[in-house]
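**Q** Numbering follows our numbering, in which position 192 of the sequence shown is assigned residue number 192; successive positions increment by one, without gaps.
Simulated from the structure, these hints should not be mistaken for lab results. It is possible that part of the hints are untrue.
Computed list of lysine to any residue pairs in SDA-like fashion (alpha-carbon distance at most 25 Å, straight line) [stated by the list, open to error]:
1) K27 to A53
2) K158 to W191
3) K124 to P48
Ranges between beta-carbon positions, derived for each pair [claimed, not checked]:
4) P30 to A122: 22 to 28 Å
5) A115 to R72: 17 to 23 Å
6) C189 to A66: 24 to 30 Å
7) A97 to E134: 37 to 43 Å
8) I3 to G110: 29 to 35 Å
We treat Cβ as the ideally placed atom computed from N, Cα and C, and that holds for glycine.
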Amino acid sequence: MTIDFNTFQWAGHPAEWEIQNRQIRIKTRPHTDLWQRTYYHFQNDNAPLFQTASAEAYFSFSVKVAFDSKHRFDQAGIVVYLDSENWLKASVEYENADFQHLGSVVTNQGYSDWATTAIDSAHKSIYYRLSRREADFCIESSFDGINFSQMRICHLSKAEAEIRFGIYACSPEESSFEAVFSEFALTECRWPAHNGQAPD
Numbered sequence: 001m002t003i004d005f006n007t008f009q010w011a012g013h014p015a016e017w018e019i020q021n022r023q024i025r026i027k028t029r030p031h032t033d034l035w036q037r038t039y040y041h042f043q044n045d046n047a048p049l050f051q052t053a054s055a056e057a058y059f060s061f062s063v064k065v066a067f068d069s070k071h072r073f074d075q076a077g078i079v080v081y082l083d084s085e086n087w088l089k090a091s092v093e094y095e096n097a098d099f100q101h102l103g104s105v106v107t108n109q110g111y112s113d114w115a116t117t118a119i120d121s122a123h124k125s126i127y128y129r130l131s132r133r134e135a136d137f138c139i140e141s142s143f144d145g146i147n148f149s150q151m152r153i154c155h156l157s158k159a160e161a162e163i164r165f166g167i168y169a170c171s172p173e174e175s176s177f178e179a180v181f182s183e184f185a186l187t188e189c190r191w192p193a194h195n196g197q198a199p200d
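Sequences and hints are given; from them, build the entire structure.
**A** Here it is in structure tokens:
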């Protein structure tokens, strides 16, 4: 399936953006983020999102993200944004010169979680693959675009029929950076049906 950028829409706008040669470049604005309530008790809902829509119950969406982040919490990755209280995102979030967080946030009914693993700050590009099976999702990542590793499996309680999904980049603190998104692909679902333990 071909990615048609004409079907994508912005929710919020970055400081700068352009589409050229099937690549999307985003420059972030300071003080932009997505987070709801849990632990920190604050709510941020102003990260720029560039999303398309699909009612397909089974599909996979993949993209390469290159990022020049240098400030704490700078992040760029993939997103499924249904509304302000129901969404998921996956990204590399800069921490310091030694390490950054490869992680994901899932938000259901207005409460976010955060699952991460530390990776070297030398990594400046990564591939993501998001697979949908109805209201369940699998998020994977890869450093070479070939060998993907599972980051998490999750459920979005409001992922009914048509959903919106795509890319985002933001800078929660007083910073700005550029992220380049390329190698977009929309395919049949690459997440196999479960063939292990039978349901109860």
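**Q** Falls inside 37 to 43 Å, the C-beta gap from A97 to E134?
**A** The hint (37 to 43 Å, Cβ to Cβ) holds, given that A97 and E134 are roughly 42 Å apart.
**Q** At the C-beta level, are A115 and R72 separated by a distance inside 17 to 23 Å?
**A** Given a distance of about 19 Å, which is inside 17 to 23 Å, the answer is holds.
**Q** CB of C189 to CB of A66, is that within 24 to 30 Å?
**A** holds, 26 Å
**Q** How does the Cβ-Cβ distance of I3 and G110 compare with 29 to 35 Å: does it lie in that range?
**A** Between I3 and G110, where Cβ atoms are some 31 Å apart, the hint holds.
**Q** Does P48 lie within 25 Å of K124 when you go C-alpha to C-alpha?
**A** holds, 20 Å
**Q** Cβ-Cβ distance between P30 and A122: within 22 to 28 Å?
**A** holds, 25 Å
**Q** With a cut-off of 25 Å on the C-alpha distance, tell me whether K158 and W191 pass.
**A** Status holds; Cα separation ~20 Å.
**Q** Given the hint that K27 pairs with A53, does the C-alpha gap stay at or below 25 Å?
**A** Holds, because 23 Å separates the two Cα atoms, which is no more than 25 Å.
Checked against the numbered hints given earlier, this structure breaks none of them.
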